[in-house]
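Peer 1: Here's the letter readout for the chains.
There are 2 protein chains.
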Amino acid sequence: MKIAKPIQNLIEAFEKLPGIGPKTAQRLTFYLLHVPQTQLDEFSQSLSKLKTETKTCSLCFNISQNDPCFICSSPQRDKTKICVVEQPLDILTLERGGFYKGLYHVLHGVINPLENIGPEHLHIYDLLPRLNNGVKELIIATNPTMEGEATAMYLSRQIKSKPESNGLIITRIGRGLPTGADIEYADELTLNKAFEGRVNF
Amino acid sequence: MKIAKPIQNLIEAFEKLPGIGPKTAQRLTFYLLHVPQTQLDEFSQSLSKLKTETKTCSLCFNISQNDPCFICSSPQRDKTKICVVEQPLDILTLERGGFYKGLYHVLHGVINPLENIGPEHLHIYDLLPRLNNGVKELIIATNPTMEGEATAMYLSRQIKSKPESNGLIITRIGRGLPTGADIEYADELTLNKAFEGRVNF
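Top line first, the protein sequences correspond to chains A and B.
Just so you know, we're using numbering that gives the first Met the number 0 here: the first sequence kicks off at 0 and counts up by one.
Just so you know, we're using numbering that gives the first Met the number 0 here: the second sequence kicks off at 0 and counts up by one.
One chain only, chain A, in its complex shape (with noise of 0.2 Å):
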């Protein structure tokens, strides 16, 4: 079928992005033909710029405009504390919360055997020399998924058996029921972590 080329390659261009397929792909490209110019430019000009005008901190490997990065430079955080997560985006959502004031380290994925991802695949030995620096507790914030648990468990037995983690406490995110869910829908598994991880009231 005969489509307009200018058309095409952006229903193509979206199409490539995760969870949008061919009709949505198509539905965004005709509602862009109706906004003004400049928002296509300020679109266009933030794509080519997302990572050119980025990069990731040396200490902690999130994504930034500044090396070391705003959270590893401020002043303000709490240097006792690092707090593994699996993606940059987890940390945008932490940050939301509010509630924690320590430093991150971004691994950039998980381990995963399946996809041939190994430990060296990943930012994990590059922990090990941030935790000379004072760091008292190491909280483990990557994914309660399959994947998420074995690389918790890795990273905790390769800290533990370095001499880097003297007097370190390795924590892991608490598990169990999310605010607002209901006890007859929970699935097994997490009313378990549940009843392992109460706690005095």
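These are computed hints drawn from the structure, not numbers from a lab.
Among the clues, some could well be false.
When chains are identical, the list treats them as one kind, so a pair holds in a single copy or across two.
Stated by the list, open to error - Keeping only pairs whose Cα atoms sit at most 27 Å apart, straight-line, the calculated DSSO-like set for lysine-lysine is: (1) 15 / 54; (2) 54 / 100; (3) 80 / 192; (4) 4 / 100; (5) 4 / 54; (6) 48 / 159; (7) 80 / 1.
Fair warning: this is a prediction, and the values are worked out from it, not measured in the lab.
For chain A, the structure is supplied; the task is to place chain B on it using the hints.
Peer 2: What follows is chain B alone, placed relative to chain A:
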């Protein structure tokens, strides 16, 4: 909350798209941090060229690279039929079927009094001069919604009152149950239309 400006800009650009909320905008942006710069550049180019390298066909008002568009200028199309649609995307969908070989006419919207869109904002009156050139059938294919039906009604009345409609057949796309549907779950209006539009078996 502080977040790298280039990332924030792209999240905001995605949020402006219909059906894309803050969470999806974040997910897409952080996904794009992992793709090669060439893919970002291609995407960026497609966006900025979307409107600059396309034009509106002066005959049918479809969006195309050339004027007249490839459908209006094709010698293979049946020039005795014109199908009226709401949006250029509708042409894409109809062409995918490949069963229609006539010409099109894009209204670029529907009459919607609540949003102050009257017939003068659409390409309704541009249709009249086209009817002189041996057109025998006008197929009104606006959506079967309240606004689409009202627009179809208005359009057919306008054209019937003009001398250009002499001998012209005006038709409306068929209404009834879509293929694969279940009578049990069909709404009353659709069933009513299916009975009204019954054909000899």
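Peer 1: Against this structure, judge whether each hint is valid.
Peer 2: Results of checking the hints against the structure:
1. In the homo-oligomer, the alpha carbons of residue 15 and residue 54 lie at most 27 Å apart both inside one protomer (24 Å) and across protomers (25 Å), since each shortest distance falls under that limit.
2. When the C-alpha separation of residue 54 and residue 100 is checked against a cutoff of 27 Å, the pair qualifies only within one copy, where the shortest distance is 22 Å, while the shortest distance between copies is 53 Å.
3. Proximity of residue 80 and residue 192 under a CA criterion of 27 Å is satisfied intra-copy only: 25 Å inside one chain copy versus 67 Å between copies.
4. For the identical chains of this complex, residue 4 and residue 100 are inter-copy neighbours only, at 21 Å across copies versus 50 Å inside a copy, given an alpha-carbon limit of 27 Å.
5. Taking CA atoms no more than 27 Å apart as the test, residue 4 paired with residue 54 passes between copies only; the shortest distance there is 12 Å, against 34 Å inside one copy.
6. For the homomeric pair residue 48 and residue 159, neither the shortest alpha-carbon distance inside one copy (41 Å) nor that between copies (55 Å) is at most 27 Å.
7. In the homo-oligomer, the alpha carbons of residue 80 and residue 1 lie at most 27 Å apart only across protomers (19 Å), although the nearest pairing inside one protomer, at 58 Å, exceeds that limit.
Checked against the numbered hints above, the structure breaks only hint 6 and satisfies the rest.
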